[in-house]
Every structure is written in structure tokens, then in C-alpha cells.
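Undergrad: Start from chain A and add chain B according to the hints.
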Amino acid sequence: MSWVENRFEDGLIITSLDWALNWARASSIWPLTFGIACCAIEMMATGASRFDFDRFGAGAFRATPRQADLMIVAGTVTYKMAERVRRLYNQMPEPKYVMAMGACTVGGGPYFKHGYHVVKGIDLVVPVDIYVPGCPPRPEALLEGLMRLQDKIRNQTLARTPELAAADV
Amino acid sequence: MSPEAVLSRIGERFADAIVATDAAGPHPHAVVRPERWREVALFLRDDELLRFDWLRCLTGVDDIEDGLLTAVYDLHSTQSGRTPEANWTARSEIAIKVRVPRDNPRIPSVADVWPAAEWHEREAYDLLGIVFDGHPDLRRILCCEDWSGHPLRKDYEFPLEYHGIPAVTEFGQTRPQH
Chain A
34 MSWVENRFED GLIITSLDWA LNWARASSIW PLTFGIACCA IEMMATGASR FDFDRFGAGA
94 FRATPRQADL MIVAGTVTYK MAERVRRLYN QMPEPKYVMA MGACTVGGGP YFKHGYHVVK
154 GIDLVVPVDI YVPGCPPRPE ALLEGLMRLQ DKIRNQTLAR TPELAAADV
Chain B
127 MSPEAVLSRI GERFADAIVA TDAAGPHPHA VVRPERWREV ALFLRDDELL RFDWLRCLTG
187 VDDIEDGLLT AVYDLHSTQS GRTPEANWTA RSEIAIKVRV PRDNPRIPSV ADVWPAAEWH
247 EREAYDLLGI VFDGHPDLRR ILCCEDWSGH PLRKDYEFPL EYHGIPAVTE FGQTRPQH
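Protein chains in written order, with our numbering: chain A, 34 to 202; chain B, 127 to 304.
In short, the hints are calculated from the structure, not lab data. Source: prediction; values computed, not measured. Hints may contain errors.
Said to hold, decoys possible - Okay, derived cross-link-like pairs now, EDC-like style, lysine to aspartate or glutamate, Cα gap no bigger than 16 Å in a straight line:
1. A:113 <-> B:272
2. A:113 <-> B:271
3. A:113 <-> B:252
4. A:113 <-> B:192
The following block holds chain A by itself, in its conformation from the complex:
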């Protein structure tokens, strides 16, 4: 939506359009099928019927980054894997969101001191929207992370924000 963003002042039409667009975006966050390590087991449990990610419209795990809105980085990211993570992120269409799931992706986790091969936080590789700590996080924590991401999406606006107006973008 970049062609329409940052062009209009805040107003009744824009805020109504914002509401509709954000409702649509927040209600169908399709995650990327991207389980790297043990956190993926909890992510699978979240997607299955007991916890049911699909209640939030986020149950359609896409096998290609080109159809995905959300990358849940679920597991230990090594330096070898980090380049693939970055490439997958670059292949996702806008608007795109990243959730760092588990201690390893938040900050290196148990590998922080002795792991020569683990990236000390996935935010060194791709921009992260939501951090879900835990080792691994329970499905409830992942659902909470998704709801906080929905809050974030609902606060987006097409209007020209004061910060961007000052920068004259």
C-alpha cells in the first residue's frame, strides 16, 4: 500500500479506510511455515485444534514467503541459517511482520555465551515486531504475541504522520 501511504491528512475518510484495512490485515495474518528448532513444536501445537491459531485468522501457514504476512522465527538461528532468514524476509511482500519466538531468537538464549554459531538475537538480522520469550514459549504465550501484533496492526494508519511530515518523506 505504499503508493497511498503518507499522502493524505488525517480525516474521516482516511480513518474509516484505516479501520477497514487494519481489520482485514489483523484478521488474516498468514504466517510463514518456518520452524527451525524445538520452538516449532510449540508453534505446531498452537496451530492444532486445542489452541487453534485459526481463531485469529492466522492458521493458514504458507509454504512460500511470497504469500506470507508474518514470519514466526521459531527456533535457534545459526549464522549459517541467518542468511536464509534474511533472504526469506526480503522475499515477503509488504506489509510484513516478524515475531521472534523463544529465548534463542530474542537474544541468543542458552547459546549466548558458549555458542560460537548462534546469532545473538534475530533482531541483528531482520527487524522484529514482537518478542515472545520462553524456552520454548507455551502456546498461550504465542497467542498473546499474536494478539499484541494485532494491536500493532490496528494502530497503523495511511495518513501522513507528524514524524514523516517533519522529515518531509
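TA: Okay, now just chain B, sitting in the frame of chain A:
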């Protein structure tokens, strides 16, 4: 066969190749000179009494206090029992240690003696830098191809960055503490 019997059998044949033996400890083993290791390996596999046909594990150890790198070969015989059932229950196991200096760690490869050694030797090369002469495909197996250094050496320095990803955080560079 008991570990004592195995060690005496290879000891009488290769008296000059065996540096030390330990039959009583929890991990019975013989230390073999690297230049004789291939002969000993073929004897261990093909001798009709020993028949160590399975290389169960290959471990690399960094003995930095002695200035040595050690490759530990855990061997198991599946053919030593009198009945097929006893092949897996009769204890016929021995470990062979080959010790080489840290500054020139070269061991003859046994990838053609036990095919399981091929990937294990690549792993020991990748993580500890032991060079296995005669290996058919001695490349890194776990780390990236352009990784520098051998990470499980005890004097290994962690990288400061890898392909633009910093390994230094606001808490300083992470280091192992040995």
C-alpha cells in the same frame, strides 16, 4: 571377547605400534601411533577373532595441556557371539586413541575401512582441525564453508562478525570460559 583379550591380541601383533593400553578403566582403549593406524585398523576389522566391523563413534578431543589432538575410535564387533542373538549382547568393544600434535594434526583416514568414518572424520576436521590424509572428500560438514577456524579447539577465538551479522552485542563479545 573381553577388553584384556582384545588388547593382548593386538598387542602381540603390533607391539611397536601400541603406545599405551588401559583395559581396567571404564573405557578400555589402546593408544596407537598414527603412522601405524591403518595397519592396526585393517587387522581389527579383518582378524577372524576380532572382527570389529562397526565403527560406532569417532570423537575428537583437544588435549591442550599436552599439546595434542586425540581421535577416539569406538569399535564394536557384531560377529563375536556364538549365536546371532548374542552378537549384540556379548560385550566385544574396544576404543582406539590416536594422538597427534596440535600444530600438525595429521591422521591417516580409515574411511575406506569403515564407511561410517567418512562423515565422522569430516566432523572432526570441521570442529577440531584434524586432517585425515587419504579422505575422499575432506570438507567442512557442519560449519559454513567459509567459516574460519575450528570452533571446538579450546583456544578458539569467536568471530567478531559473520557476513555482516555482528557477533558483538551491547553486552560485549561472547566468549567461552574454559
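Undergrad: Now, for every hint given, state plainly whether the structure supports it.
TA: How the hints compare with the structure:
For the proposed pair residue 113 of chain A and residue 272 of chain B, the alpha carbon gap of about 10 Å is at most 16 Å, so the pair holds. A hinted pair counts as satisfied when its Cα atoms are at most 16 Å apart, and residue 113 of chain A with residue 271 of chain B qualifies at roughly 9 Å. For the hint pairing residue 113 of chain A with residue 252 of chain B, the CA-to-CA distance comes to about 14 Å; that is within 16 Å, so the pair holds. At most 16 Å may separate the alpha-carbon atoms for a hinted pair to count; residue 113 of chain A and residue 192 of chain B exceed this at roughly 33 Å.
The structure shown violates just one earlier hint, number 4.
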